[in-house]
Amino acid sequence: MWAYFEKYHYKLTEALSEHLAIVGLTLVISVALASALTLAIMRSPGLSAIVIRLFGSIYAIPSLALFAILIPFTGIGMKTAVLVLVLYNQFLLIRNFIAGLDSVDPQIVEAAAGMGMPPLRILFRIKLPLAFPVILAGIHLAVISTIGIATIAAAIGAGGIGTILFDGMRTRNPVKLVWGTILAGGLAIIANLALIGIEKLAARRFHYDGNAPGKP
Amino acid sequence: MIAISFDGVVKRFPGAARNAVDRVSLEIEEGELITVLGASGSGKTTLLKMVNRLFEPNEGTICLFGENIMDKDPVKLRRGIGYVIQQIGLFPHMTVRENIATIPRILKWDRARIGVRVDELLSLVNLDPDEFRERYPAQLSGGQQQRVGLARALAADPAVMLMDEPFGAIDAINRSNLQDELLAIHGKHKRTYLFVTHDVAEAFKLGNRVLVMDGGRVKQFDTPQRIVDDPADDFVRELLASSGGRHGQSARVGN
Ligand SMILES: Nc1ncnc2c1ncn2[C@@H]1O[C@H](COP(=O)(O)OP(=O)(O)OP(=O)(O)O)[C@@H](O)[C@H]1O
Ligand SMILES: [Mg+2]
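Which chain is which? The protein sequence lines are A and B, in order.
Residues in the first sequence are numbered consecutively from 115, following the numbering used here.
Residues in the second sequence are numbered consecutively from -3, following the numbering used here.
Please keep in mind that the hints were generated in silico from the structure rather than gathered at the bench.
Computed from a predicted model, the values in this text were never measured in an experiment.
One or more hints might be untrue.
Covered by chain A, according to a simulated footprint, are these stretches of chain B (three or more residues, beta-carbon under 8 angstroms) [as the list claims (entries may be wrong)]:
#: 1; stretch: 64 to 75
#: 2; stretch: 91 to 104
Residues of chain A clear of chain B, computed beta-carbon distances all greater than 12 angstroms [what the hints assert, rightly or not]:
#: 3; residue: K125
#: 4; residue: L147
#: 5; residue: L178
#: 6; residue: P243
Ranges of calculated distance between the beta carbons of each label pair, as one might list FRET restraints [claimed, not checked]:
#: 7; chain 1: A; residue 1: L234; chain 2: B; residue 2: N173; range: 36 to 44 angstroms
#: 8; chain 1: A; residue 1: D219; chain 2: B; residue 2: E127; range: 51 to 59 angstroms
#: 9; chain 1: A; residue 1: S217; chain 2: B; residue 2: P125; range: 28 to 36 angstroms
Glycine is no exception: its CB is placed at the ideal position from the N, C-alpha and C atoms.
Starting from the given sequences, assemble the full structure and let the hints guide the process.
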């Protein structure tokens, strides 16, 4: 174990940093795209349902199959990997973004509109803060899902922790497999814990239950 | 000066069998406190929401101080109209101070002026500013929340106040106190109030005139005394009877 680490730690760190790059890039693009799409469709419940169902069907396609379908168009490598991961995330993100906005009490929104708040201010000052816990839950799901599916992206030459796992399987090298699992699992667990922490902080900042202290 | 006028106003919701508000024409003088009384579904809320354009009439015109409200930008129009609802609609993620400061902030008042105004309004609705300023809505009782709702609506001193059953969910004692406070606030500033209720005693206690509605139509629009003395029809007579004569003791006589 340690012998491998001492000899090949540069390989492990390289795989980890590639993985983090794929995940980071995917998340930035995913959240930006999902936000834009949500803004475009949120006024129409019918359109929202159609868009969510569309991304739901894409989400149902096994990742290896989706990677394979796209290779003729976008080739192998990181670009295709990020594209697939962004597509998957749209379902998790848009579904939660819309659900979050819908969960805001319409009486509160009406009170805001009735007193003369402009629509954009209602969105940013009222709806988004109140929808934030649900929005954050969607981002949480997307982060964990991206970290996991990104390991499979190594199959199309995108790099990342998956390369170590696939290498390990091909060469029947248990040490590699263990290191790959530790990295992939560890990353997912750390990300999960960090997100739970952020969610707790957010819950305290946006507490609506009256139990938390007076001022955040 | 006529503060609010309705002229042949009709509101029909898509797919509805009848008009929610049916050919309503009336005039309200500046400084009046009008109560709108009627059974559930009689069109009270619909009538109110047309004044701040949360609903738009299918026919007829509504004017505020002589100006057709359809000629104005709805967002700007609403800043001159206070709006209080039964469900209160306080913003749960903002403190009492932030809730009350909502419109003054949009109007870009400076911080000091907003601070003074918030405290002044809290005192006006009988809440100790030091105790309540930094609380969140969830940390208030129902009656306190409604007081904050009232303070928020009064913040920019609107010429017109619309109140839709604001005390509907509040216990009898608190409710009676709030009614007295509302009368005092109205008496002090002489703004024009339109107050919806389905409680006969409340309507007669608060209103200098009472607008009785049924099925979207105005049944009678007169002072409490004249409605008691001369009910327009059997519907109004039954409405008075149903309240067990309580309106008699509390009616404000005349103007
Ligand atoms: N948004 C809406 N869409 C369709 N119909 C509506 C809508 N709002 C109200 N109505 C209908 O219009 C009529 C009048 O409703 P309104 O809410 O004005 O009554 P109300 O007098 O305020 O009753 P309540 O005392 O129960 O609040 C009712 O028949 C109601 O079903
Ligand atoms: Mg109503």
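Structure-based check of all given hints:
1. 64 to 75: holds (count 5)
2. 91 to 104: holds (count 4)
3. K125: 48 angstroms, holds
4. L147: 27 angstroms, holds
5. L178: 43 angstroms, holds
6. P243: 5 angstroms, violated
7. A/L234 - B/N173: 36 to 44 angstroms: Once the Cβ atoms are compared, 39 angstroms apart, the range 36 to 44 angstroms for B/N173 and A/L234 holds.
8. A/D219 - B/E127: 51 to 59 angstroms: Distance hint for A/D219, B/E127 is violated at roughly 26 angstroms.
9. A/S217 - B/P125: 28 to 36 angstroms: Given about 33 angstroms between the Cβ atoms, the range holds.
The structure does not agree with the numbered hints 6, 8 stated previously, though it agrees with the rest.
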